[in-house]
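With these hints in hand, go ahead and build the complete structure from the sequences.
Number of protein chains: 2
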Amino acid sequence: MNEYVSLSHGSGGRQSRDLIKKVFTERFGIAEPLTDSAIIDESFPPGSRVVITTDAYVVDPLFFPGGDIGKLAVTGTINDIAVSGARIVAIAVSFIIEEGFPVNDLVKIAESMALEAERAGTRLVSGDTKVVGKGKCDRLFITTTGTGFLLPQHEHISSGLKVTEGDRLIINGPVGNHAIAVLGARNDLSFKTEVLSDCRSLNRLTEKIVDNCGEIHFMRDLTRGGLAAVLNELKEMAKCIITIDEDSVPVDEPVRGLCEVLGFDPFSLANEGKLIVVAGKNEFRKVLEIMRSDPAGFDSSVIGEIVAGDRPAVILNTSAGGKRIIELPSGLQLPRIC
Amino acid sequence: MNEYVSLSHGSGGRQSRDLIKKVFTERFGIAEPLTDSAIIDESFPPGSRVVITTDAYVVDPLFFPGGDIGKLAVTGTINDIAVSGARIVAIAVSFIIEEGFPVNDLVKIAESMALEAERAGTRLVSGDTKVVGKGKCDRLFITTTGTGFLLPQHEHISSGLKVTEGDRLIINGPVGNHAIAVLGARNDLSFKTEVLSDCRSLNRLTEKIVDNCGEIHFMRDLTRGGLAAVLNELKEMAKCIITIDEDSVPVDEPVRGLCEVLGFDPFSLANEGKLIVVAGKNEFRKVLEIMRSDPAGFDSSVIGEIVAGDRPAVILNTSAGGKRIIELPSGLQLPRIC
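Going line by line, the protein sequences match chains F and R.
Each number in the numbering used here comes from the position in the first sequence (counting from 1) with 121 added on.
Each number in the numbering used here comes from the position in the second sequence (counting from 1) with 121 added on.
There is no bait here: all hints are sound.
Which copy is meant is left open, so a pair is good if it fits within one copy or across any two.
BS3-like cross-link-like pairs, simulated, lysine-lysine; straight-line CA separation at most 25 Å:
1. 407 - 329
2. 229 - 257
3. 142 - 229
4. 360 - 143
5. 360 - 142
6. 283 - 142
These are computed hints drawn from the structure, not numbers from a lab.
All figures in this text were calculated on a predicted structure; none of them were measured in a lab.
Structural data, given as structure tokens:
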């Protein structure tokens, strides 16, 4: 199948349908007839709310150690729904493909998406395929939109409004691996690394947490802008002071080394399988234990605490024994990391 | 505000948030705090099913007579939900922006999206903004994903399974205007036209139809591939013969003229505010009357009928008194028409 995507694959006629059938329909488990909208068969529990999230993926390169754009798009959307405390039900997928893109690569990416959806226990439904001329997009962009339901007892986990003094912040593992893995895979860079992206669905982990603990006050995955961005957003939403112990935030040695060489702050680097959980002071040990028992959280650790104070701030207790403010990352970080 | 989008607007840090707040948040009526997923406040009626649809919009040019990429993205998504017989509840929006894109144009497009959502009685929720380098995408791509609910009595309208002999096909107005309007707005073409895109939300029309009629057997909007593509898909889904009277399919005079000059078939051209409704033989007159009473359907007419036969086909009774097969459009139609 040494074929390439052509503009006629995007015309909505016979070639469009052939491409969709050949590449997507069966792999995604989408039943005929193909319609423009998908009816979600699962019924949503009474009293639950519908949750929706959408993200465009423009990662460069499309394939990187530990993943590819397809796996990234599926996990990213699953994780956005998961950290809101909701259950993912279905994912809609939209492709923008550059003319000349190899059909074989599209198949690999579609397989990767199907595999990740199956692993996470969700389904790919409804899709769209647009083709643009050579040079009008950079090979392939994917937008995934997740739909899920939120039970009443899990509301407000994403808003930060439940966060209160004494809460502990728990992270599920080392930061920065995704950004370094993608960067290392770019042809124009002079370093090579063995670092793998942490790209991973977190829904089974978050479901264990919210099902078993009553004091989950906030969860968020640490994507673009990394830990630093999320902590600063939380500070603004919850109007609180957050203290973080630098030594307790895990950073893998190769990531730390490359950050020093390249001048990056690992706290601002994108992750694709990391989250922070803010848990009440009476329950954080139990939360930590649950997280460590899950394959996506065995490296979890408590990294900080919510403390009283008038002006919202994120304060880092440094390894050297000092204090510094963690700011919202500003200016150009690493473009097209997700 | 003579600003341009830069790569740092896509980094997930301060500049990302500033751009989102300045351009989107208030216009879209999205409340702070900004989170990655939106909880949909409207409750879905008991027994209803969730419906989801997603589409990428890559139209070239971004602004054309009768609309722009933003209006197109919102109406297109509303219409996909509407023709399934469902009610639109919320739309999630994802932007891929080329570095250097004028913020003013982004504001115009955002305003156009907000206006169209308001007109149609729906809401824009949850969004995403990615920025790619100069030359890595063609100015702006938008992916919109709609969520709605389907009442049990309106199921199977999109599947074609209810279609039966004697059903009539009704169209809500002339075909081909969107494609000709977009084509005429392209700089590299030598003709100019006063044709406006028919870009329009159809949800109020479809709701009137399904609320008042019990024999609605199929509905579909006529986008990429036009009337010809939809009729061929319906033929396959319903395993039926469809006859269409050429004289009864409305085509505006300037569209017909340009099609003759340029060698296009108006039946294969994309529309963005047209649909066909297949109604039972005892009810089609009532459906036609309801459609004609709506601003989106005052030009409605019966264009054909479902007849008995062994082999699925779409047969055109031509103006000249002959018969010909309408095929699924094949090969390159008009790229980037939506």
